[in-house]
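Chemist: Chains V and A supply the protein sequences, listed in that same order. Position 284 (the first sequence) corresponds to 284 in my numbering; numbering is contiguous. Position 201 (the second sequence) corresponds to 201 in my numbering; numbering is contiguous.
In case anyone wonders, no lab produced these hints; they're calculated from the structure. Just to be clear, a hint being listed does not mean it is correct.
Where chains are identical, the list cannot tell them apart; a pair therefore holds if satisfied intra-copy or between any two copies.
[Stated by the list, open to error] Mimicking SDA-like on lysine to any residue, the simulated pairs with C-alpha atoms at most 25 angstroms apart in a straight line are:
hint, residue 1, residue 2
1, K45, Y290
2, K167, T27
3, K98, E229
4, K136, G255
5, K167, R262
6, K98, N16
7, K130, L147
8, K140, N24
9, K167, G97
10, K213, L94
11, K167, E268
12, K140, P248
13, K104, N24
14, K140, A197
15, K8, Q279
16, K140, T27
17, K136, D170
18, K247, I225
19, K247, E268
20, K247, P23
21, K247, H28
The model shown is predicted, which means the values in this text are computed figures rather than measured ones.
Protein chains: 2
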Amino acid sequence: MEFDALIKTYQSRVENALDFWLPNADTHPQTLHEAMRYSAISNGKYMRPLLIYATGDSLGIARESLDGIACATEIIHAYSLIHDDLPAMDDDALRRGKPTCHVKFGEAMAILAGDALQALAFYVIAHDDKLTVDAKTRLKMIDVLSLSCGSRGMAGGQAIDLQSVGKTLDIAQLEDMHIHKTGALIRASVMLSAYAASDQPASILEHLDHYSKCVGLAFQIRDDILDVEGETAVIGKQQGADDALNKPTYPTLLGMAGAKARALELHEEAMQSLSHLDQRAEPLRMISRYIIDRVS
Amino acid sequence: MEFDALIKTYQSRVENALDFWLPNADTHPQTLHEAMRYSAISNGKYMRPLLIYATGDSLGIARESLDGIACATEIIHAYSLIHDDLPAMDDDALRRGKPTCHVKFGEAMAILAGDALQALAFYVIAHDDKLTVDAKTRLKMIDVLSLSCGSRGMAGGQAIDLQSVGKTLDIAQLEDMHIHKTGALIRASVMLSAYAASDQPASILEHLDHYSKCVGLAFQIRDDILDVEGETAVIGKQQGADDALNKPTYPTLLGMAGAKARALELHEEAMQSLSHLDQRAEPLRMISRYIIDRVS
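The shape of chain V in the complex, shown without the other chains (with noise of 0.2 angstroms):
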C-alpha cells in the first residue's frame, strides 16, 4: 500500500475513534464539549496514533484493539497543545490552520477543554473494550502513560521550556527538554501499542523503544526547521513563532545544515533499531522518514 493511504487509513481509524469517544457538542454541558471536540478532531497529522497503529500492524495485533489507545494518546496531545497555546504560555492565535482554542472559546472555556481531556484520556483506556488486553496490561497503559504526560514527562518539558526562554542551552539542555516534551508522550504511544500484543520477547520492546526515542527527537528537530524555513500557510502555525520568543532551537544551536544532519542520523538509528522486525515492520519505517521530510 502507498505510504500515503496507510497514513490516511490510520486517521480516518483514529478520527472515527475520537467521533466515538468524544462526547457529543450537544451533550450538557455543550461548550466545554464543542471546545473538546474543536481541539481533538482538527485535521492534525496524528503522529501517536500513526505510530501506535504502525507498531500495532509491525506486531500483528488487530487494529481494532489499538483505536482507543490511538485516541487516548492523541486527546492528551490535544490537550497539551490547547494548553501551550495559552497567552500565559506561547500566546498562539494560530494551530492547525485554525484560531486556537481560547481565541475561539475563551481562556477559560480553553483551560477547562485541556483539563477536560485530560480525564478523557484515562477514562477512554480504562473503559475500551475493544482493547483486548488483562487488566493488568490494562493499568501498566496507564501507569505509562500518566507518567508520560505529568511532570517527569510532557508537563515536566513545558516546565523547562517555560524556564530555557531568554536563556543559552546547550544541545545536552536542549535535548532534556524535547526528550521530556514531545520525547516522552512518542515513545509512551509506541510502548503502549506494543504491550497490546501479548508475549513479545523484551529485546523486541527494546528495539521499538529506541525507535521511539530516535523518532521523538527526529520530530521535534524537524519542527525547529520548519519554524524557521516553513510557510505559515502549510505548517498551520505562525513561522518564526519560536524565534519572536527567542527560543532555543536545534537550528540556533547546530546551524541549520548541522539539524538537518542530526535529523538525518536519528532517522538512520531509528532504522537500525527495526532491523529485527520483518517487512510489517515497513510503515514504522515510512514514518521516520516521513517525520524529517515533512513539510508541515
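Starting from the structure of chain V, add chain A where the hints point.
Modeler: Just chain A, lined up with the frame of chain V:
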C-alpha cells in the same frame, strides 16, 4: 475518639501520603515540583480524604490501603483549585491563607502544575501497591475518578459555573452546577473507598452513594454561606468573592435562613442514609455535621 483528634489522624495520614507520592522539590524540573507541592500540601481541610478514611473505617478497611486513593483525590482537588484561581477563571489571589499558585509561581507554571497533578493522580491509583484490590477493581476506580473530574463531572461543573456568571439561575440549575463542580469528586471519593472493601452488598453502596450526594451539596451550601458570613482570615480566601463576581449562590436564591435550612435538611438525609451502618460509621456522621457547622 474525639472528632478533632480523628480528623487530625486522617489529615496526617494523607499529608504523609502526599509527601510520599509528590516528586521532591529538588527533582528535575524543580520549580514545577515545588509548585505542585506548594498547592497540594497546604493546610487544607482535606475533605475528600476525610470522607475516604471515614468510609473505610465504617466498612472495616485497613487505613493504609486507602492512603493512595486519599492522596489521588486530594491531588485532583488541588489541581482544580489551581486552575480555578487563575486570572482567566476566578482570579483569586488568596487560597488557604496563602498566595495562590499563579501569584507565587506565575500563570504558566500554575497551569502546568495543575496539569501534572492531574496526571499524577491516575499514576498513584495505577501504582499504589498498598491498595489491596485486584486489577479490575483498580481499573474501576480509575474509571470512576476520571469520569468524576472530566467534562461530565468537575471540569463540566466549572464550565457551567463560567457560563452562569451574571445570569439568573433557578435552584435546579444551581444544584446541577454544584453536583458537577464539587459533588462529583466528593461522591467519587466515597465510592472509591467503598470499592476498596470487597464483597459489599449493593444496598450499602447505594446508601453510601446517597450519603455522599447529600454531604457534597451541603458542603457547597455551607461554602456559599461562609462567603457571605465568614471572615477572610478564617476562611483563608477572600470573603465576598462570589458576590463580587456576581455568582449565583444558595443564599441569594433561598435567602440566608433558607440556605441554612436546606443544609440542615441535607445533613438529616445523609444521617438517614447511614442508618443501616453500625457505630463504626460514626466518623461519617460527624463529618456530615462538621460540614454544615464549619466556619472555614
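Chemist: If a hint holds in the structure, say so; if it doesn't, say that too.
Modeler: Evaluated hints:
In this homomeric assembly, K45 and Y290 come within 25 angstroms of each other (Cα to Cα) only inside a single copy, at 11 angstroms, whereas the closest approach across copies is 52 angstroms. For the identical chains of this complex, K167 and T27 are inter-copy neighbours only, at 21 angstroms across copies versus 45 angstroms inside a copy, given an alpha-carbon limit of 25 angstroms. Taking identical chains as interchangeable, the C-alpha atoms of K98 and E229 lie at most 25 angstroms apart only when both belong to the same chain, with a minimum of 20 angstroms there against 47 angstroms between chains. Proximity of K136 to G255 under the C-alpha cut-off of 25 angstroms is found in neither arrangement, the shortest distances being 47 angstroms within a copy and 52 angstroms between copies.
Proximity of K167 and R262 under a CA criterion of 25 angstroms is satisfied intra-copy only: 22 angstroms inside one chain copy versus 57 angstroms between copies. For a Cα distance limit of 25 angstroms, the shortest separation of K98 from N16 inside one copy, 21 angstroms, qualifies, whereas the shortest one across copies, 46 angstroms, does not. For a Cα distance limit of 25 angstroms, the shortest separation of K130 from L147 qualifies both inside one copy, at 24 angstroms, and across copies, at 19 angstroms. In this assembly of identical chains, the alpha carbons of K140 and N24 lie at most 25 angstroms apart only when taken from different copies (23 angstroms versus 29 angstroms within one copy).
Taking CA atoms no more than 25 angstroms apart as the test, K167 paired with G97 passes in neither setting, with 30 angstroms inside one copy and 34 angstroms between copies. Neither within a single protomer nor between protomers do K213 and L94 lie at most 25 angstroms apart by alpha-carbon distance, with minima of 28 angstroms and 42 angstroms respectively. For the identical chains of this complex, K167 and E268 are neighbours neither inside a copy (31 angstroms) nor across copies (60 angstroms), given an alpha-carbon limit of 25 angstroms. Taking the closest pair of Cα atoms, K140 and P248 never come within 25 angstroms of each other, the shortest separation being 35 angstroms inside a single copy and 43 angstroms across copies.
Only within a single protomer do K104 and N24 lie at most 25 angstroms apart by alpha-carbon distance; the minimum there is 18 angstroms, versus 38 angstroms between protomers. Taking identical chains as interchangeable, the C-alpha atoms of K140 and A197 lie at most 25 angstroms apart whether they share a chain (13 angstroms) or sit on different chains (23 angstroms). Within a single copy, K8 and Q279 get their C-alpha atoms as close as 20 angstroms, which meets the 25 angstroms cut-off; across copies the closest is 62 angstroms, which misses it. In this homomeric assembly, K140 and T27 come within 25 angstroms of each other (Cα to Cα) only across copies, at 24 angstroms, whereas the closest approach inside a single copy is 31 angstroms.
Proximity of K136 to D170 under the C-alpha cut-off of 25 angstroms is found in neither arrangement, the shortest distances being 41 angstroms within a copy and 46 angstroms between copies. In the homo-oligomer, the alpha carbons of K247 and I225 lie at most 25 angstroms apart inside one protomer (13 angstroms), although the nearest pairing across protomers, at 48 angstroms, exceeds that limit. In the homo-oligomer, the alpha carbons of K247 and E268 never lie at most 25 angstroms apart, since the shortest distance is 27 angstroms inside one protomer and 59 angstroms across protomers. For the homomeric pair K247 and P23, neither the shortest alpha-carbon distance inside one copy (36 angstroms) nor that between copies (27 angstroms) is at most 25 angstroms.
Proximity of K247 to H28 under the C-alpha cut-off of 25 angstroms is restricted to the inter-copy arrangement: shortest distance 20 angstroms between copies versus 40 angstroms within a copy.
The structure shown violates the earlier hints numbered 4, 9, 10, 11, 12, 17, 19, 20.
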